[in-house]
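Trainee: If you want the building blocks of each chain, they are given just below.
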Amino acid sequence: SAVISQKPSRDICQRGTSLTIQCQVDSQVTMMFWYRQQPGQSLTLIATANQGSEATYESGFVIDKFPISRPNLTFSTLTVSNMSPEDSSIYLCSVAVGGSTDTQYFGPGTRLTVL
Amino acid sequence: AQSVSQHNHHVILSEAASLELGCNYSYGGTVNLFWYVQYPGQHLQLLLKYFSGDPLVKGIKGFEAEFIKSKFSFNLRKPSVQWSDTAEYFCAVRTGGSYIPTFGRGTSLIVHP
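The listed protein sequences correspond, in order, to chains A and B.
Every letter in the first sequence is one number past the one before it in this note's numbering, and letter 95, counting from 1, is 95.
Every letter in the second sequence is one number past the one before it in this note's numbering, and letter 60, counting from 1, is 60.
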């Protein structure tokens with residue numbers, strides 16, 4: 001398994017500003033993922049972040065809006081840029097652990113409210 | 001692309017009642033199947049998973065799920081729920097060759113004491 005921490009746990013931000021969310025894992029992992037969880041909806045994958053390469057974004061998400069860093073095998077950041085109220089959501093960091101039978105583990109999430 | 005359907009969006013039960021949450025997916029190939037649970041104020045936790053072998057999988061806290069390939073289903077069951085089972089339950093399916101599962105929209109379970 002993996003223990004994942006995220007900072008901040010929650011924030012209230014003004015429209016037009018940016019917020020960087022940090023994700024720390026207690027072990028080295030190859031693949032890290034960023035998800036968005038909106039109330040009453042499924043988890044939506046934003047991007048996959050592998051150390052040493054550019055993040056891979058899912059349809060509907062772009063690097064300019066959600067830049068991601070992955071400086072090492074235990075840490076990643078997601079920035080939500082030029083925020084609008086539509087960006088209000090819970091943002092989750094996740095890692096895959098276990099090789100061929102890997103399972104995803106999730107961080108506690110960052111609850112973002114944009115005014 | 002595959003999709004995952006959780007038909008019950010909200011379920012309300014009394015303690016000791018039996019639980020079955022439906023999960024169906026649309027993919028004909030090899031799948032890995034997961035159920036995650038999110039207790040109020042807590043993060044998503046893995047409840048159980050199926051990769052191969054016995055289609056009846058037992059997880060934590062008395063939960064089990066059965067993979068029925070012919071029905072493209074992976075329903076979650078518990079014979080007798082407790083108040084502490086109140087949570088959001090997510091089914092997820094990962095198709096062969098992909099690291100990334102597709103999640104259902106979740107089922108909110110409320111158990112009354």
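No lab work stands behind these hints: they were computed from the structure.
Careful, some of the hints might be misleading.
To be verified - Here are some, though not all, of the chain B residues that point toward chain A, as calculated from beta-carbon distances under 10 Å:
#1 F34
#2 P40
#3 Q42
#4 H43
#5 L46
#6 W83
#7 F90
#8 T95
#9 G106
#10 I110
As the list claims (entries may be wrong) - Anything over 10 Å on all C-beta distances counts as not near chain A; from chain B, calculated:
#11 V4
#12 I12
#13 A17
#14 G22
#15 V31
#16 Q45
#17 D54
#18 G62
#19 S70
#20 P79
#21 D85
#22 Y99
#23 R105
#24 H112
#25 P113
Think of the CB as a built atom: it goes at the ideal place given N, C-alpha and C, for glycine as much as any other residue.
Trainee: For every hint, state whether the structure bears it out.
Mentor: So, going through the hints one by one against the coordinates:
1. With a cut of 10 Å, the hint placing F34/B at the interface with chain A holds, because the nearest CB-to-CB distance is about 7 Å.
2. Taken as an interface hint, P40/B does not check out: its beta carbon lies about 13 Å from the nearest beta carbon of chain A, beyond 10 Å.
3. Hint status for Q42/B relative to chain A: holds, with the closest Cβ pair at about 7 Å, below 10 Å.
4. Contact between H43/B and chain A, as hinted, is supported at the beta carbon level, the nearest pair being about 4 Å apart and thus within 10 Å.
5. Because the smallest distance between the Cβ of L46/B and any Cβ of chain A comes to about 6 Å, under 10 Å, the interface hint for this residue holds.
6. Taken as an interface hint, W83/B does not check out: its beta carbon lies about 23 Å from the nearest beta carbon of chain A, beyond 10 Å.
7. Contact between F90/B and chain A, as hinted, is supported at the beta carbon level, the nearest pair being about 7 Å apart and thus within 10 Å.
8. Residue-level restraint check for T95/B is violated (minimum Cβ-Cβ distance to chain A is 14 Å; threshold 10 Å).
9. About 6 Å separates the beta-carbon of G106/B from the nearest beta-carbon of chain A, less than 10 Å, and the hint is met.
10. Hint status for I110/B relative to chain A: violated, with the closest Cβ pair at about 15 Å, above 10 Å.
11. Non-interface call for V4/B relative to chain A: violated, since the shortest CB-CB distance, roughly 8 Å, does not exceed 10 Å.
12. Here I12/B stays apart from chain A, with its beta-carbon at least about 16 Å from theirs, past the 10 Å limit.
13. The Cβ of A17/B sits about 24 Å from the closest Cβ of chain A, beyond the 10 Å cut-off, so the non-interface label holds.
14. Against chain A, the non-interface label of G22/B holds: every CB pair exceeds 10 Å, the least being about 15 Å.
15. The Cβ of V31/B sits about 13 Å from the closest Cβ of chain A, beyond the 10 Å cut-off, so the non-interface label holds.
16. Taking the minimum C-beta to C-beta distance to chain A, about 8 Å, the non-interface status of Q45/B is violated against the 10 Å cut.
17. With a cut of 10 Å on Cβ distances, D54/B stays outside the contact zone with chain A, its closest approach being about 15 Å.
18. Residue placement check: G62/B keeps its beta carbon more than 10 Å from all beta carbons of chain A (closest about 20 Å).
19. For S70/B, the condition that its CB be more than 10 Å from all CB atoms of chain A holds, with the nearest at approximately 24 Å.
20. With 10 Å as the threshold on Cβ separation, the claim that P79/B sits away from chain A holds: the shortest Cβ distance comes to roughly 25 Å.
21. Every Cβ of chain A is farther than 10 Å from the Cβ of D85/B; the closest lies at roughly 19 Å, confirming the non-interface assignment.
22. Not every CB of chain A lies more than 10 Å from the CB of Y99/B, the least distance being 6 Å, so the non-interface label is violated.
23. Against chain A, the non-interface label of R105/B is violated: not every CB pair exceeds 10 Å, the least being about 4 Å.
24. The non-interface label for H112/B is consistent with chain A: the shortest C-beta to C-beta separation is roughly 21 Å, beyond 10 Å.
25. The Cβ of P113/B lies farther than 10 Å from every Cβ of chain A, with a closest approach of about 25 Å, so its non-interface assignment holds.
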